[in-house]
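Chains A and B supply the protein sequences, listed in that same order.
Each residue of the first sequence is one higher than the one before, starting from 1 at the first, in the UniProt record's numbering.
Each residue of the second sequence is one higher than the one before, starting from 1 at the first, in the UniProt record's numbering.
If you are wondering where the hints come from, they were derived from the structure by calculation, not from laboratory data.
Fair warning: there could be bad hints in the mix.
The list cannot tell twin chains apart, which means a pair is met if one copy fits it or any two copies do.
As the list claims (entries may be wrong) - Here are the computed lysine to aspartate or glutamate pairs in the DMTMM-like style, where the Cα-Cα straight-line distance is at most 20 Å: (1) K308 - E385; (2) K98 - E345; (3) K324 - D284; (4) K147 - D284; (5) K227 - E246; (6) K212 - E330; (7) K98 - E113; (8) K340 - D243; (9) K260 - E328; (10) K212 - D284; (11) K279 - E330; (12) K254 - D242; (13) K279 - E116; (14) K362 - D41; (15) K342 - E385; (16) K295 - D242; (17) K311 - D179; (18) K311 - D182; (19) K295 - D41; (20) K227 - D272; (21) K378 - D187; (22) K147 - E246; (23) K279 - D150.
2 protein chains.
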Amino acid sequence: MFKRAAAQAATRIRAPPCARGFSVSALRLANRAVVYSSPGDPTSVLSVLTYPDLPPPSPSSLNVRFICSPVNPADINVVEGIYPAKPVHTDELAQGHKLSDAVYLGGNEGLAEITEVGAGVEGFAKGDWVVMAGQQLGTWSSARSLKAADVIKVSKTVSRVNGSTLTVNPPTAYNMLHDFVDLQEGDWVLQNGANSAVGQMVIQIAAQRGFKTLNFVRNREDLETLKTQLKTLGATEVFTYDDLKERSLRDRVKQLTSGKQIQLFLNCVGGDATTQMTKLLGADAHIVSYGAMSKRPLTLPTSLFIFKNLKSHGFWQTRWYAQKTRQEREELMQKLVAMKLKEPEHEIVTIPAGDSDEQATKRVRGIIESLAQGQYGKKVLLSIEQPT
Amino acid sequence: MFKRAAAQAATRIRAPPCARGFSVSALRLANRAVVYSSPGDPTSVLSVLTYPDLPPPSPSSLNVRFICSPVNPADINVVEGIYPAKPVHTDELAQGHKLSDAVYLGGNEGLAEITEVGAGVEGFAKGDWVVMAGQQLGTWSSARSLKAADVIKVSKTVSRVNGSTLTVNPPTAYNMLHDFVDLQEGDWVLQNGANSAVGQMVIQIAAQRGFKTLNFVRNREDLETLKTQLKTLGATEVFTYDDLKERSLRDRVKQLTSGKQIQLFLNCVGGDATTQMTKLLGADAHIVSYGAMSKRPLTLPTSLFIFKNLKSHGFWQTRWYAQKTRQEREELMQKLVAMKLKEPEHEIVTIPAGDSDEQATKRVRGIIESLAQGQYGKKVLLSIEQPT
């Protein structure tokens, strides 16, 4: 699919390495997107493609300009073709201007500002901020034309960072805390990967709701610093997986919880430590898994299910969106904005207007490579400027 | 606790190896029970104890004579002290006649005939047949005095074998088929250990309800005979765990089910084969575990929970009884009797009236030993005659 010679022949268009360009020339090339022709290693397949100005939105649609769009781990898996959610595949980026090859659009989450409202769209105005209500809408773009049904308006009181990271991690944390166990103020929640992006949201949301959190993290040199950070967020107690080897741990936890049974365990790790952690649960507890950072499966003694009545579920925010009404989705976004959650640690990486597509492509692939090597250690948010 | 010398001194009483006898002598020694002084290896700790005639039942109670009482695998675990349900511990077998040491009573399940009805008991008459509504009531006895609330009347149309095995395996199968997924006629159920006692009940009950069963068993020399037996019971299809290695299996299953998604998986095995079997499940399926015959835990990829929305539960009939009303329990027993299920393969072992307690003890321990060595290959039902 990579036809550099053909691409270079399209002189008026900045040639994307993965698509041959447009069937018309002499357009105002005003927008950009991170695209790929076929799934694969993102450091090889992702390209930045410059494309014409969006035409006015069609009925029931809106044109938006993206403010910030995060690069989430799942986004990488989508590009690799190993994630169950599938990206947009299109040969039209600016309506009516066909690409010679269809491309996939990267990016699932983002904050955007409405630039133009189509006929028959109610409840939205130019200048409003929106987040995505639909999945995999190609948010790694400078602009997009989207169905009004696919976006949700958010208050402009939200920060750019919180707005652009509002639809995946915070609702995952919120829903896992509410959809499985009817927790009451003072009830305990057990979680591992507690310093992950979702884990930190769990801590904050639980604290706001009056739930207590028993958090587990990996041991590390600066453990006390991390414990302090998590406690500042609202964590009730922080342990390490090494503590699971201590025979006294169950007694310590029993003392801490005043013997109150723990009914909810949020798991994003898997493997041995997770199995060990289930011993801290009370009867009839629920383990809800949303990740497997250890890359190990979930191994649980059958007796836990039979005699302690443990129930094991998974949580996937994408499924939640698919199953809920628009009103429920809007209400949740409003609740999360109102919680004024602490911004995740982040770096905003700008794709500058003056970059050529080759330069921009190199920059995007470099970001992915650094992420893969764990060089950021924080969330990367793309800010894709309109090309000049 | 084993005080043979003291026991031998109690001349008028047949000395049980585990209890010193009664505090009164010159009683009519009319009953027998399998008892133990402390939990442990059943081939060492179980003893047969002869004890006096039951007095007339106290108010709200009944006297019963046991017809047949199975030795279930869980009963052995109770004697060993490794099962969550705890046995009766008493120093009174015939009310008012205290044992010098308290003993545990063996046996959880059984069919009994009412011999005498206490004051204030309604709905029961002498000669009625009853099964146990309560747990761990000491059914390895010739007779017992029980609270009317602890028994459920069953129709005398039930066979002795089906009546004595009515409260554990058939309701486990029935409830697992009904409590997790709202199966409709033509829906499929996946199960392993399909030739186990519960597995065979699942096959029969599913067939009567119009559900189709996809059954897995271990490979063996007489596999075709077993397949025919299970299909005669109502199994729709039978595979072996070896078939899981065939890449074509998923396609075969898809063809068999006409692509209908399998929503319920009943598991009593665990380990690798069980993990493999989950690949045959559809989205939103439930895996319900009621045993772990492989002695391996349940290991499931986290992605199954997150993306396929698999839910993993356990089922324990003891918990079901604890959570349900008497009316629900009675209705279930009536339904199961009306289903006229095929009797489990069994051998009725009589503890003859003429045995001394030593002889009877030896016999009981021998049964347990043969069971442990897998020499029966079928269910053993105790029939404990009144000593002469």
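K308 and E385: within-copy, between-copy, both or neither at 20 Å Cα: So K308 and E385 fail the 20 Å test inside a copy (55 Å) and across (38 Å) alike.
Copy assignment of K98 with E345, given that the CA separation must stay at most 20 Å: Intra 39 Å, inter 72 Å, cutoff 20 Å: neither.
Status of D284 relative to K212 across identical chains (alpha carbons, at most 20 Å): within (18 Å within a copy, 30 Å between copies)
Identical-chain pair category, K254 with D242, by Cα at 20 Å: For K254 and D242, the Cα distance is within 20 Å only inside one copy (18 Å; across copies 45 Å).
Homo-oligomer pair classification [E330, K279; C-alpha up to 20 Å]: The answer is neither: 38 Å in one copy and 36 Å across copies each exceed 20 Å.
Same-copy or cross-copy closeness of K295 to D242 [CA-CA at most 20 Å]: Within. Shortest intra-copy distance 19 Å satisfies the 20 Å Cα cut-off; inter-copy 27 Å does not.
Intra- versus inter-subunit Cα pairing at 20 Å for K147 with D284: Answer is neither: 43 Å inside a copy and 29 Å across each miss the 20 Å cutoff.
K279 and E116: within-copy, between-copy, both or neither at 20 Å Cα: Neither. Shortest intra-copy (55 Å) and inter-copy (47 Å) distances fail the 20 Å Cα cut-off.
Identical-chain pair category, K295 with D41, by Cα at 20 Å: Within one copy only: 19 Å inside a chain, 41 Å across chains, cut-off 20 Å.
Status of D41 relative to K362 across identical chains (alpha carbons, at most 20 Å): within (14 Å within a copy, 71 Å between copies)
Intra/inter-copy verdict for K378 and D187 if alpha-carbon distance must be at most 20 Å: Neither: 30 Å inside a copy, 47 Å across copies.
Intra- versus inter-copy proximity for E246 and K227 (alpha-carbon distance at most 20 Å): The answer is within: 19 Å in one copy meets 20 Å, while 49 Å across copies does not.
The earlier numbered hints that this structure contradicts are 1, 2, 4, 6, 7, 8, 9, 11, 13, 15, 20, 21, 22, 23.
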